[in-house]
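Student: If you're matching positions, the sequence shown starts at 1 in my numbering and goes up one per residue.
Be aware that one or more of the hints could be misleading.
Unchecked claim - Label-pair restraints from in silico Cβ distances: (1) Ala14 to Gly54: 30 to 38 Å; (2) Ile100 to Ala14: 33 to 41 Å; (3) Ser72 to Trp107: 19 to 27 Å; (4) Val2 to Ser116: 32 to 40 Å; (5) Leu73 to Ser102: 18 to 26 Å.
The set of hints was computed from the structure by calculation and includes no laboratory data. Here the structure is a predicted model, which means the values were calculated and not measured. Cβ coordinates follow ideal geometry from the N, Cα and C atoms, glycine included.
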Amino acid sequence: QVQLVESGGGLVQAGGSLRLSCAASERIFSLNAMGWYRQAPGKQRDMVASITRGGITNYVDSVKDRFTISRSLVKNTMYLQMNSLKPEDTAVYYCAAARIDSRYDVWGQGTQVTVSS
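Hey, can you work out the whole structure from these sequences and the hints?
Tutor: What follows is the structure, encoded as structure tokens:
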């Protein structure tokens, strides 16, 4: 099955930017959808942004106008550009794929994003 590997996390000051990458082991166009989730300490894992096979994107309200999800079908890689970062964006960010239907059934290992105030 497809494997996902995230990169690009780190420590940044509030107001700064980071770009996360998610490299897939196979053609991402074969996937129904891909998304970014995040999980802060003591909280549940929540979706941040998603992109369908057709390129339709969706964002949680708290990151609209700050985060941008995109993909490269040539590189089989999904990205999350995060601007104007806030301390509340601190979390482990996970890349996920929905191979057949709307259920996300493949996950990356996660990458830590820490935003200092």
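Student: For the pair serine 72 and tryptophan 107, does the Cβ-Cβ distance stay inside 19 to 27 Å?
Tutor: holds (20 Å)
Student: Does the beta carbon distance between isoleucine 100 and alanine 14 stay inside 33 to 41 Å, or does it fall outside?
Tutor: holds (39 Å)
Student: Just to be sure I understand the hint, the distance between the Cβ atoms of valine 2 and serine 116 should be within 32 to 40 Å; is that true here?
Tutor: For valine 2 and serine 116 the Cβ distance comes to about 34 Å; the hint holds.
Student: Just tell me: holds or violated, for the beta carbon distance of leucine 73 and serine 102 against 18 to 26 Å?
Tutor: holds (21 Å)
Student: Can you let me know if the beta-carbon spacing of alanine 14 and glycine 54 is within 30 to 38 Å?
Tutor: 35 Å Cβ-Cβ, so the 30 to 38 Å window holds.
Violated hints for the displayed structure: none, as all numbered hints are satisfied.
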